[in-house]
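Number of protein chains: 4
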Amino acid sequence: MAFDLDENWLPGDDFEAIRRRIPIVYVNLVPIRVDESGSVTQVGLLLTASAEGEIRRSLVTGRVKFREGIREAIIRHLDKDLGPVAFARVPATLQPFGVFEYFPEASQTGLVDSRQHAIALGYTIVVAGECQPSQAALDFVWLDIDAITDGFLESEMANGQHFVVKSALSYLGVMR
Amino acid sequence: MAFDLDENWLPGDDFEAIRRRIPIVYVNLVPIRVDESGSVTQVGLLLTASAEGEIRRSLVTGRVKFREGIREAIIRHLDKDLGPVAFARVPATLQPFGVFEYFPEASQTGLVDSRQHAIALGYTIVVAGECQPSQAALDFVWLDIDAITDGFLESEMANGQHFVVKSALSYLGVMR
Amino acid sequence: MAFDLDENWLPGDDFEAIRRRIPIVYVNLVPIRVDESGSVTQVGLLLTASAEGEIRRSLVTGRVKFREGIREAIIRHLDKDLGPVAFARVPATLQPFGVFEYFPEASQTGLVDSRQHAIALGYTIVVAGECQPSQAALDFVWLDIDAITDGFLESEMANGQHFVVKSALSYLGVMR
Amino acid sequence: MAFDLDENWLPGDDFEAIRRRIPIVYVNLVPIRVDESGSVTQVGLLLTASAEGEIRRSLVTGRVKFREGIREAIIRHLDKDLGPVAFARVPATLQPFGVFEYFPEASQTGLVDSRQHAIALGYTIVVAGECQPSQAALDFVWLDIDAITDGFLESEMANGQHFVVKSALSYLGVMR
Chain A
1 MAFDLDENWL PGDDFEAIRR RIPIVYVNLV PIRVDESGSV TQVGLLLTAS
51 AEGEIRRSLV TGRVKFREGI REAIIRHLDK DLGPVAFARV PATLQPFGVF
101 EYFPEASQTG LVDSRQHAIA LGYTIVVAGE CQPSQAALDF VWLDIDAITD
151 GFLESEMANG QHFVVKSALS YLGVMR
Chain B
1 MAFDLDENWL PGDDFEAIRR RIPIVYVNLV PIRVDESGSV TQVGLLLTAS
51 AEGEIRRSLV TGRVKFREGI REAIIRHLDK DLGPVAFARV PATLQPFGVF
101 EYFPEASQTG LVDSRQHAIA LGYTIVVAGE CQPSQAALDF VWLDIDAITD
151 GFLESEMANG QHFVVKSALS YLGVMR
Chain C
1 MAFDLDENWL PGDDFEAIRR RIPIVYVNLV PIRVDESGSV TQVGLLLTAS
51 AEGEIRRSLV TGRVKFREGI REAIIRHLDK DLGPVAFARV PATLQPFGVF
101 EYFPEASQTG LVDSRQHAIA LGYTIVVAGE CQPSQAALDF VWLDIDAITD
151 GFLESEMANG QHFVVKSALS YLGVMR
Chain D
1 MAFDLDENWL PGDDFEAIRR RIPIVYVNLV PIRVDESGSV TQVGLLLTAS
51 AEGEIRRSLV TGRVKFREGI REAIIRHLDK DLGPVAFARV PATLQPFGVF
101 EYFPEASQTG LVDSRQHAIA LGYTIVVAGE CQPSQAALDF VWLDIDAITD
151 GFLESEMANG QHFVVKSALS YLGVMR
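Those sequence lines, one after another, are chains A, B, C and D.
Each residue of the first sequence is one higher than the one before, counting from 1 in the numbering used here.
Each residue of the second sequence is one higher than the one before, counting from 1 in the numbering used here.
Each residue of the third sequence is one higher than the one before, counting from 1 in the numbering used here.
Each residue of the fourth sequence is one higher than the one before, counting from 1 in the numbering used here.
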C-alpha cells in the first residue's frame, strides 16, 4: 500500500500500538479514465518502492482519520497521490463496489498487510485531469484496459491488491 | 414518464402492440448536482404535462432501443431532456441503485405505467453544466435536497416515481 | 443460454419477430453453495447441448414475461432448471451485481446471443437443497470454487457467459 | 446502539481511549423476514434501554474485532442478539447496501454515537428461525412492513438509526 504520509497525526508509537489492536478503516481507490460513453478505458496505478526496495504498482489507498468523513478521506488521499489538477470525481454514493479485508498474516481473503488489520472500502474514481504524484510515490501510470492481463496485475502488485483492481474492472463491466 | 420522442423508430402501431406483450427495458435517471466533496445538493426533475393536462414532475426516463447499449440510451435521453450543455456524467458502472418494475395496472410494486410493463434500471447522474430541456418537457427544475419533503415528492410525481427519487436519495446518503 | 421452455407463451413466430426489434429482459442466475459463514464454496452450472451438438456449461437464465415480476421470473427459471427441492433463495433486493448486454452480433461487451438483444440482470442465488435439472438441461454440476480457473470457464462456456460467472465470483469476494 | 457485551476484549480503559482517537468499524444489521418470493414482509428491531432509562428500538449492531472477519463479526452479533435458533443468513457478498458514518457530535450525516466515531457497514439479514434475544436487550420485535411509518421509526429510534432502516427498506424495494 502506498505509504501514508499522514500517519503521524497520532504520535507514531501510539498508532503503531493501536493498529495492532483494532481494525483500521481504509479506502482503496481505483483511479480510472472513461470515454465519452462512460466506459472505462484506463486504470491508473502508483509505482512505489517497497521497504525491500522492490518497485511495485499499487492502488491509491489510505486511512480514514478520527472525525473525518469518508469523502474527506477520499479527497485527501487523491490530492496526496494524484496532485492538485487531477480533477478526480468523488463518488456520489458511499456504497462501495467491494469491501476488502487485509490481515496481518496470510489469510483466507488473500489480502495481506503486515502492519495491521485493515478493512478497506473500494471505490472507482473517475479522473478528468492530469496526475502529478507527490514525492512519496515514484510515479503514477495509466494502463490501457486492453493491455492489462490478469497475470500482469498479479505479478506487479503486492499483498493481493491485484484482486481489488480485478474486482473494480469486473464492476465496471470490463470483460476478461 | 416523460414523453419519448424516439418511440416512433418502430412504426407506432407495431410498438403499441409489442409493449402490450413483453416487458420493455427503460432507464430511470435521477439528475443530481454535487458539491466539492461529492455530496448531493440538488435533484433535478422535469415539469411535464400529462395527457390530462396536469403538470407533473418526472424523472428523465426512456427506452433502450434494439442494439443500443444502455450507456448510449442514457446519453440519448439525457441529451433529449437536459440539452447539449448539461455535461451529464454517464455512470462508469452499469450496476443500478435499483430496478423498478412498472405494471400497466396497480400492483404490489406501486409503480404504474398504463401503456406497458416497463423494467427500469435506476441510475443517479451527476450534472456539471446547464440544463436546457427540449420542447417535449415544459421545464427542468433543480430542487434543494433540504427542501424536499417526502410528501412533496409524492404529491408532485405520478405513477409512483417519487419512490425512485426517494430510493436514489437513500442511496446517496441523504438522511430523511 | 439454456433453452427456455416457456418461450412459446407467445405464438413462436410472433416472439421471433419481436426479439429482433426490441431488447428482451433476462435474468442471469448464478447458483451458489455457501458455508456456515456465508462464504461461497461452489458454483453450479448447467450442462447443455448447443444447437450444434456441443456440450456447454451455462448459467440458469431466462426471460421475464409480460406482467411477471422479476422475482417470479427468477423462481420460475430456478424451478425449471434446478427442480422442486433446490430450496433456492430468491434475493431480497433487486439490485443486481451487474447488468449484462448480449447483442446478436459480436460487440464491445463480448456477450453474444444470436437470437436477440438481451439485457440480463445478474443475481447470485444461494441453493440450500438438491438440484434435479429438468429434461431440457443434460445435467447440473457443482464446481468447487478453488478448482475453477479462468481458462476453464472461458473454454467451457459460450457467448461470453464466463464473464458473468467471473463477475459474480468477484462480487462474492472470491480472490482470483 | 445495542450495548456490545464483547467490548471488554480489550481492557476497558484502553478501548475507551482508542475509540476517541480513530474510527471504529461496525456492522449495522437489519434483520428481515421474507415471503416465498423473497419480498420482505417484516423488519426486526431490538428494544433496549438507554443509559437514561428510555426504551428505544435499535438495530443489531456491533464492532469488528482485531483479526476477525466481517462475516464472523456478523455471526457473532446475530448470535448474541437473536439467539441460537434464529437461523440468520449471512450475506454472500460483503458489498453493503450502505455505509453509515456516526460521529461523536451532531454532524452532517445525522448519525450520532457519543462514544466514538463509528463507520458501519449496513447489511440486511434474512432470518428464517425464531429470535431469542440475550439479556442485554429487553426484547426483539418483528414489525410488519406495512405498519411502519417513517414517523414511527424516527420517534422510536435514537441517534439517526431510523435512517439506516429506511435505507434498507429502500434497497429492498419497499415503496414508501
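Don't take each hint at face value.
Copies of the same chain look alike in the list, so a pair counts if it fits in one copy or across any two.
[What the hints assert, rightly or not] List time: in silico SDA-like cross-link candidates among lysine to any residue, alpha-carbon distance up to 25 Å:
#: 1; residue 1: 65; residue 2: 175
#: 2; residue 1: 80; residue 2: 147
#: 3; residue 1: 65; residue 2: 36
#: 4; residue 1: 65; residue 2: 90
#: 5; residue 1: 80; residue 2: 36
#: 6; residue 1: 65; residue 2: 105
#: 7; residue 1: 65; residue 2: 39
#: 8; residue 1: 80; residue 2: 99
#: 9; residue 1: 80; residue 2: 21
#: 10; residue 1: 65; residue 2: 142
#: 11; residue 1: 65; residue 2: 15
#: 12; residue 1: 65; residue 2: 143
#: 13; residue 1: 80; residue 2: 174
#: 14; residue 1: 65; residue 2: 52
What the hints contain is simulated information worked out from the structure, not anything from laboratory work.
This structure is a prediction, so every number in the text was calculated from the model and none was measured.
Under a CA distance limit of 25 Å, which applies to residue 65 and residue 36: within one copy, between copies, both, or neither?
between (35 Å within a copy, 19 Å between copies)
Intra/inter-copy verdict for residue 80 and residue 147 if alpha-carbon distance must be at most 25 Å
neither (27 Å within a copy, 35 Å between copies)
Regarding residue 65 and residue 175, is the shortest C-alpha distance of 25 Å or less found within a copy, between copies, in both, or in neither?
between (36 Å within a copy, 22 Å between copies)
Regarding residue 65 and residue 142, is the shortest C-alpha distance of 25 Å or less found within a copy, between copies, in both, or in neither?
Classified as neither: same-chain Cα gap 28 Å, cross-chain 34 Å, threshold 25 Å.
Pop the pair residue 80 and residue 174 into one bin, within, between, both or neither, using alpha-carbon distances up to 25 Å.
neither (28 Å within a copy, 28 Å between copies)
At most 25 Å between CA atoms: does that hold for residue 65 and residue 90 within a copy, between copies, both, or neither?
Classified as within: same-chain Cα gap 17 Å, cross-chain 29 Å, threshold 25 Å.
Between copies, within a copy, both or neither: which fits residue 65 and residue 52 at Cα up to 25 Å?
For residue 65 and residue 52, neither the intra-copy (27 Å) nor the inter-copy (30 Å) Cα distance is at most 25 Å.
Within, between, both or neither: how does the pair residue 65, residue 15 come out at a Cα-Cα threshold of 25 Å?
both (11 Å within a copy, 17 Å between copies)
Check residue 80 against residue 21 for me: Cα-Cα at most 25 Å, and say if that holds within a copy, between copies, both or neither.
between (27 Å within a copy, 22 Å between copies)
Measure nothing new, just compare the shortest in-copy and cross-copy C-alpha distances for residue 65 and residue 105 to 25 Å and report within, between, both or neither.
both (24 Å within a copy, 15 Å between copies)
Measure nothing new, just compare the shortest in-copy and cross-copy C-alpha distances for residue 65 and residue 143 to 25 Å and report within, between, both or neither.
Neither: 30 Å inside a copy, 33 Å across copies.
Homo-oligomer pair classification [residue 99, residue 80; C-alpha up to 25 Å]:
both (22 Å within a copy, 24 Å between copies)
Going through the hint list in order, the structure does not satisfy hints 2, 10, 12, 13, 14.
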